[in-house]
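K.L.:
Chain residues, written in single-letter form:
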Amino acid sequence: MNLDSKIPEGPLSEKWSNHKFNMRLVNPANRRKYHVIVVGSGLAGSSAAASLAEQGYNVSCFCYQDSPRRAHSIAAQGGINAAKNYQNDGDSVQRLFYDTIKGGDYRSREANVYRLAEVSTKIIDQCVSQGVPFAREYGGLLANRSFGGAQVSRTFYARGQTGQQLLLGAYSSLNRQIGLGKVTMYTRHEMLDVVVVGGHAKGIIVRNLVTGEITRHAADCVVLASGGYGNVFYLSTNAQACNVTATYRAYKRGAGFANPCFTQIHPTCIPVHGEDQAKLTLMSESLRNDGRVWVPKSKELAEKIRSGEINPNSIPEEDRDYYLERKYPSFGNLAPRDISSRSAKEVCDEGRGVASTGLGVYLDFRDAIIRDGEQAIRERYGNLFEMYNRITGENPYQTPMMIFPAVHYTMGGLWVDYNLQSTIPGLFVAGEANFSDHGANRLGASALMQGLADGYFVVPYTVGNYLGELGIAEAGFSNTQEDAFEQVEAEVKQRIDQFMNMKGTRSPRSFHKELGQIIWNYCGMSRNQSGLNEAIEKLQKLKKEFWQNVLVVGKAEELNAELERAGRVADFIEFGELMCRDALMREESCGGHFREEHQTNEGEALRNDSDYAFVGVWEYKGEGQIPVLQKEDLAFENVALATRSYK
Amino acid sequence: MKLNLKIWRQESKESKGKFVDYSVDNISEEASFLEMLDTLNESLVSKNSVPVAFDHDCREGICGMCSLVINGEPHGPEKATTTCQLHMRHFKDGDTITIEPWRAQAFPVIKDLTTDRSAFDKIMQSGGFVTARTGSAVDANEIPIPKEVADKAMDAAACIGCGACVAACPNASAMLFTGAKVSHLNSLPQGKAEKERRSLLMVQAMDEAGFGGCTNIGACESVCPKSINLDVIAQLNRDYHSSSFKKIMQF
Ligand SMILES: Cc1cc2nc3c(=O)[nH]c(=O)nc-3n(C[C@H](O)[C@H](O)[C@H](O)COP(=O)(O)OP(=O)(O)OC[C@H]3O[C@@H](n4cnc5c(N)ncnc54)[C@H](O)[C@@H]3O)c2cc1C
Chain Z
1 MNLDSKIPEG
11 PLSEKWSNHK
21 FNMRLVNPAN
31 RRKYHVIVVG
41 SGLAGSSAAA
51 SLAEQGYNVS
61 CFCYQDSPRR
71 AHSIAAQGGI
81 NAAKNYQNDG
91 DSVQRLFYDT
101 IKGGDYRSRE
111 ANVYRLAEVS
121 TKIIDQCVSQ
131 GVPFAREYGG
141 LLANRSFGGA
151 QVSRTFYARG
161 QTGQQLLLGA
171 YSSLNRQIGL
181 GKVTMYTRHE
191 MLDVVVVGGH
201 AKGIIVRNLV
211 TGEITRHAAD
221 CVVLASGGYG
231 NVFYLSTNAQ
241 ACNVTATYRA
251 YKRGAGFANP
261 CFTQIHPTCI
271 PVHGEDQAKL
281 TLMSESLRND
291 GRVWVPKSKE
301 LAEKIRSGEI
311 NPNSIPEEDR
321 DYYLERKYPS
331 FGNLAPRDIS
341 SRSAKEVCDE
351 GRGVASTGLG
361 VYLDFRDAII
371 RDGEQAIRER
381 YGNLFEMYNR
391 ITGENPYQTP
401 MMIFPAVHYT
411 MGGLWVDYNL
421 QSTIPGLFVA
431 GEANFSDHGA
441 NRLGASALMQ
451 GLADGYFVVP
461 YTVGNYLGEL
471 GIAEAGFSNT
481 QEDAFEQVEA
491 EVKQRIDQFM
501 NMKGTRSPRS
511 FHKELGQIIW
521 NYCGMSRNQS
531 GLNEAIEKLQ
541 KLKKEFWQNV
551 LVVGKAEELN
561 AELERAGRVA
571 DFIEFGELMC
581 RDALMREESC
591 GGHFREEHQT
601 NEGEALRNDS
611 DYAFVGVWEY
621 KGEGQIPVLQ
631 KEDLAFENVA
641 LATRSYK
Chain C
648 MKLNLKIWRQ
658 ESKESKGKFV
668 DYSVDNISEE
678 ASFLEMLDTL
688 NESLVSKNSV
698 PVAFDHDCRE
708 GICGMCSLVI
718 NGEPHGPEKA
728 TTTCQLHMRH
738 FKDGDTITIE
748 PWRAQAFPVI
758 KDLTTDRSAF
768 DKIMQSGGFV
778 TARTGSAVDA
788 NEIPIPKEVA
798 DKAMDAAACI
808 GCGACVAACP
818 NASAMLFTGA
828 KVSHLNSLPQ
838 GKAEKERRSL
848 LMVQAMDEAG
858 FGGCTNIGAC
868 ESVCPKSINL
878 DVIAQLNRDY
888 HSSSFKKIMQ
898 F
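Protein chains in written order, with our numbering: chain Z, 1 to 647; chain C, 648 to 898.
Worth double-checking, as some hints may not be accurate.
[Stated by the list, open to error] With a Cα cut of at most 30 Å, we get these calculated DSS-like pairs of lysine-lysine:
{"hint": "1", "chain 1": "Z", "residue 1": "Lys555", "chain 2": "C", "residue 2": "Lys660"}
{"hint": "2", "chain 1": "C", "residue 1": "Lys660", "chain 2": "Z", "residue 2": "Lys503"}
{"hint": "3", "chain 1": "Z", "residue 1": "Lys543", "chain 2": "C", "residue 2": "Lys694"}
In case anyone wonders, no lab produced these hints; they're calculated from the structure.
Produce the entire structure from the sequences given, and follow the hints as far as they go.
P.N.:
Listed below in structure tokens is the structure:
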């Protein structure tokens, strides 16, 4: 497996512009001879598909929802970062770069992160030109706020619906190209495999989710922008059908999978209510700007709260433990996500949790309301408070909000080089689906930025360069009659037949739940060697049972949510094992990956830069074989490695 | 709690549908409406029966995928709430709940409670955009936009495209949806250049897709989970008429 990161020569700040200059250009008249497949219509997919089509390429774009506008990017609430320095508070490309590297706990690639910071400013320009209604000041200029873990105000937002508005912007550009006939949109279509011809990605096999028909699609290259794999935990803040299938299938066809164990647990979600729960809801992190996190100092008080004996408001100041403010005085309630989440777990493990399950902490607005008035708080967070009230039936203006961590984002993903190309030539990966940029922990408001950076400003260039190098003689050369298409399609069909014919006794959802429990317990907020080994054993058993006992009712030739879930869960189970192997391999604690064996006396994460400053990339070796670890060593030439401290 | 459900079952677009009775037990008040349906479906699967098909994805009230007419009301009884955010504490033990798909000619049923809403995408493709090619934008702060204007655009842009407005309208009109988009883009300076073209093309696409006309009933507004205001229809009418007038004058 070739892990050449292809980082261009030259100083950090000139790499991207030099690289763009050195790229091959495709003559505009020739562009229409090329065909590009984009899987996904989220921020990364829509922006890439629209931009490539604007350049003149023919694009086919796929999503599993009934409209491209419904991709899960729509759910992002808080905001998008950009180094505009509109607030004149000392922000710069260099600072955003530095914050992202540090926030990622020094496990990301400098050159990619710098480029991300560099193009971030153009994203805001682009979105505003499309009519994205970002929040504004009375003077008409764009408003900003500061967001989890940042000491400057660089986050742009559109009420609590930033993801929705950015996606509607990208979707509108995509629509324009669909209307012009440059993009063919396939909604309610799920990609089930990648087709590699002569070592290059040349197409995909998809299932029409309405008719069940399996079809082949050929192109000159493929861009995967299929989102993250948080649903491996069953309960997460992701949408119900978010999956790992697209990227995991690519992995099985030869694409390296990087850092699968790097997952982000978000500190501010609404606690779990019961067995039948299917989804966890995120409360925007912006709430931590004004809310104070606490639990009672004693177990006894916590017990009384849980049983409903006392009301949290009646607990005097001296009996409250504002543990984030206590432990991290300079960042306080704004401590980064991994740290806040782990601290919440700690206090709950000590028996000081609130919520009926004991798994919850308070996020209290009492002091902010006294300070700024209820009206001010209502203006800032009104819609979030309403949402909280709708879900829990409680009024957060009067009773402190309860929160608990939940899986939210996956930093791991398919390995890509500087051009966002995977180890399979012609297979590009954008957005949450790739591993680039966020290292072991992502900063708030940086995923939207990365998705749009990849889609608007990186992929359109690097795909063009790839096609240019391929040469015009190759354009449109691949066709669906090739043996490789035939073979992959047969495998896809055979797998579906297997599901349908199994006639076991357990529903796909029940396997999914069990999988989620295993991953949450052993590969969640904290991990250890024996637990991970146990998890791998359990997962292998689960996989065996799944393939003997899953029950898929209905038919394959119709809309069949059970069949869809079965396919996704089958991939998640195998993928879960890969996650655990990765977590087991990484004998250090960094970012979202906390290995209990590696902590300081004060319980803080202990990184091991001399042995683990690398990207862990897994190479598939065949059914039943243990995957092989490959390493991309990370070189830090512009930032000095330091212990992350938020004290 | 225990509930009786009357659910619309329809095998495919072509087949005839009918109501089928089910009952579910042990539903927690904390569960969401869709989690209640998940429970029903799991029990159907355990009896080897085909579960009820319904659309859903984010379950946070923002993707617009979920639908369902619940006891005659799109998205159910709670104001400004999507079906996925509706919780069972709003129902009582022993209740009978009727669940149907969106019903509109332009939204044919695909299966059970799932409908085809691609007509909305067609409207958007006809003109629901500002022509802004990637890389051609000026600095974002070069276009100052008064806060009130930006806020008004945002009010309209909050539409999630779920289609409840169409389902609630006796004429199955898509004016609230189309009005929201037109109002969002036409109010902003970036959207001005294409204002007329956009208004004409989107209304034309709406008519072609088979949506009915608007007779100012207002049912759309009252079921809208994002509280989109009827004002957007007024703006659409204004912009459409002034655009048609200009178009006539040009010829
Ligand atoms: C609740 C929530 C709030 C968030 N808030 C913020 C925030 O405030 N700021 C921030 O920066 N980030 C936030 N994030 C993270 C951010 O939203 C995501 O990381 C980002 O939007 C992912 O974009 P994407 O384009 O990579 O993928 P997605 O938007 O997930 O899109 C994936 C696309 O791929 C398609 N797809 C997937 N699999 C297949 C398949 N097999 N076949 C065909 N199509 C497929 C889907 O249909 C979809 O179109 C939030 C995330 C969540 C869950």
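K.L.:
Take the hints in turn and mark each one as holding or not.
P.N.:
Quick rundown of the hints versus the structure:
Our distance criterion of 30 Å between C-alpha atoms is met by lysine 555 of chain Z and lysine 660 of chain C, whose separation comes to about 16 Å. Restraint check for lysine 660 of chain C and lysine 503 of chain Z: satisfied, since their Cα atoms lie roughly 27 Å apart, inside the 30 Å limit. Of the pairs offered as hints, the one joining lysine 543 of chain Z and lysine 694 of chain C holds, with about 23 Å between alpha carbons and a cut-off of 30 Å not exceeded.
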